[in-house]
Amino acid sequence: MALLEAKNATRILDETIKVTLVDNVSMTVGPGEFVAITGPSGSGKSSLLYLLGLLDLPTAGDVLVKGEATHDMTSDERARIRLQELGFIFQFHFLLPEFTARENVMLPMRRLAKLPARAQHERAGDLLASLGLEGHIDKRPDQLSGGQRQRVAVARALANDPALILADEPTGSLDSKATEQVFGILQNLVDISGRTILAVTHDMDLAARMDRRIHLVDGALESDGAAAGA
Amino acid sequence: MGGWLLLLDLAITHVVARGRQTLVAIAGVSLGVGFSIAMAALLHGSQEDFVDQLINAIPNVQISDERREAQRQPAQDVFADAQIENLSPRDDPRGIRNPVAMTSAIRAVVDGNVSEALTTQGVIRYAGRDTGVSLSGVVPEHELSVSKIGGDMTEGLLTDLNNRADAVVLGDNLVRSINAKLGDPITVVSPSGDVHRYRLVGIFNSGNNTADSSTGYLHLSTAQVFAGRPNAVNDIRIALNDPDSAPVVASWLEAQFGYKSVSWQEANQAILESFIVRDVIMYTVVAAILLVAGFGIYNIISTITHEKTRDIAIMKSLGFYERDMRRLFVMEGLAMGIGGSALGAVLGALLTVALGQIEFVNPESDDPITIRMTFSVIHYSIAIGIALGSAVFAAYMPASKASSLNPVDIIRGAT
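Here the protein sequences come in this chain order: V and E.
Okay, so the first sequence: first residue is 0 according to numbering that gives the first Met the number 0, each after it adds one.
Okay, so the second sequence: first residue is 0 according to numbering that gives the first Met the number 0, each after it adds one.
None of these hints come from the bench; they were simulated from the model.
All C-beta atoms, glycine included, are put in the ideal place defined by N, C-alpha and C.
Among the hints, a few may not be true.
Unchecked claim - Partial selection, computed: residues in chain V whose CB lies under 10 angstroms from chain E:
| # | residue |
| --- | --- |
| 1 | S46 |
| 2 | T58 |
| 3 | D61 |
| 4 | K65 |
| 5 | E67 |
| 6 | L82 |
| 7 | L85 |
| 8 | E97 |
| 9 | R117 |
| 10 | A118 |
| 11 | R122 |
| 12 | G124 |
| 13 | F182 |
Please build the complete structure, drawing on both the sequences and the hints.
If you want it as structure tokens, here you go:
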């Protein structure tokens, strides 16, 4: 069964003028895939990712998570799926500035409240350590470098052990060294942990290193197949 | 529970991060609560002082020889089905019938003291001037047990009325107006025109100018002779151990004896009703003060939600519910409301104590005037309740707006 599926998903922005952000896209993502969403600027890559991540609602069509249609769900039900099943990494780290790295990683765990407080504390430390941040666990975001912050964001996305990670230009604001670090972490998550990652990127070299590439033009799916380097 | 603790943690982090603004908002609420409590203590203190004066100035229950409705005539009872017109009722003599038995019965039943009196009118004739006077014939010991006249005596004692049959006690203004002094003879003309000569044995000052200019006391038996009404009593005064029970006692006595019985509350109904209006005005002002304080909270919560739009977006994308965001910012407002209320309660208590210790010079006497303040849990509850309500209301509006933010709009616009 597909982890994630878009069925004729369409998103039209109807404000002063009608703009079609995503145009009748159908696709599936299976377990253990490392999928790149590529396309020129304004092609609807991020918009598609937000639809697939249940952050936005399609104007037409539907998004299915583990086979379950989401269009008619309440906002609370969609939030529950985001909390339990999905992990998000954005181009900007979006860490809460007043909290330490560990506290930021603990946020989704505390909201889900599935683990006891001590276990949450330990898991956050373990996740950060596994991403090479042992010495930075109790630092606030303003005490970390760009690459370190993004690794904290990765740890936060993994906090509730989601099956699927959605990343929107995860290396877009990083230098080449930090980009390699973060991409290596994502690659390991797929290869070693068997997670599924769907990542928007404009970096064609990185896209080529992923398993599969979905290419959008003007919001419509132009191609969906194995990446060039796969 | 974990969710609530997380939101509380976030709320505390936000308000602590904006320390100065938070303190200003808390100061606004605490000043509002503190002054509201002090104002309520002041107003209710003066109100209680006034009520005490009312209770002391007149009997708790006063039975007069009047009836609220015309008495049924015997013919009406005998010929119940007949229409009776132009009936001339018997001309009863004024006064309470069988007063000795009635006062004994009241004493046996009522929890308090009873004094019987005959109140009549007279004219004091002095140096060619006639001055009207209302004379109460009383048994001094009984009267002392129901009124504060004993404490009002400036010269002589009320019990001096027992010492001689021609003794009279007058108000000090009246004594001054006829230029008399203790021991002087006083000539009083009765309603029937008889001239009586009394001896001034006591002078009182009740603090009520009208009473001090126009009233006096005789012994009950002396008054009965003066009025030409032997054994008559037209006024029974009762002081209750529980003055608040006066309406119940009065209506029971009226039902039992038929005579008009007026409680101090009924006699001062208009004044007591004005207290309700005063309360409404006071609590309206209190609510207005605290709503204004709520604007401070509205201001800071609006600022925080504006500054934290990105955090709101990210938390929603992580799986926080809309209601989590609403609760978060309402909790922040509530935290400020609680902090302000706690400080305000302390401030209110201090102001109440401080105001109660201020002494004013009394031009009429050497005794300084102090402001009576009332401590009441109700004052604190109302002020704190309104403060917390306005804090929640002030926080809810920006919180509600923040909770409905679409995370995609914010994430797209983020830099």
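Cross-check of the supplied hints:
A hinted interface residue such as S46 (chain V) counts as satisfied when its beta carbon comes closer than 10 angstroms to some beta carbon of chain E; here the least separation is about 8 angstroms, so the hint holds. For the restraint placing T58 (chain V) at the interface with chain E, the shortest Cβ-Cβ distance is roughly 13 angstroms, beyond the 10 angstroms limit, so the hint is violated. This hint is violated: D61 (chain V) has a C-beta 18 angstroms from the nearest C-beta of chain E, more than the 10 angstroms allowed. Below 10 angstroms, beta-carbon pairs count as interface contacts, and K65 (chain V) has none with chain E, the closest being about 16 angstroms; its hint is therefore violated.
Taken as an interface hint, E67 (chain V) does not check out: its beta carbon lies about 16 angstroms from the nearest beta carbon of chain E, beyond 10 angstroms. With a cut of 10 angstroms, the hint placing L82 (chain V) at the interface with chain E holds, because the nearest CB-to-CB distance is about 3 angstroms. With its C-beta approaching chain E no nearer than about 8 angstroms, L85 (chain V) sits inside the 10 angstroms limit, and its interface hint holds. Look at E97 (chain V): its Cβ gets to within about 5 angstroms of chain E, closer than 10 angstroms, so that hint holds up.
Taking 10 angstroms as the C-beta contact cut-off toward chain E, the hint placing R117 (chain V) at the interface is violated, the least distance being around 13 angstroms. Hint on A118 (chain V) is violated. Least Cβ distance to chain E is approximately 12 angstroms, over the 10 angstroms limit. Hint status for R122 (chain V) relative to chain E: violated, with the closest Cβ pair at about 15 angstroms, above 10 angstroms. Contact between G124 (chain V) and chain E, as hinted, is not supported at the beta carbon level, the nearest pair being about 18 angstroms apart and thus beyond 10 angstroms.
A distance limit of 10 angstroms between C-beta atoms decides the matter here; for F182 (chain V) the minimum to chain E is near 21 angstroms, and the interface restraint is violated.
Checked against the numbered hints above, the structure breaks hints 2, 3, 4, 5, 9, 10, 11, 12, 13 and satisfies the rest.
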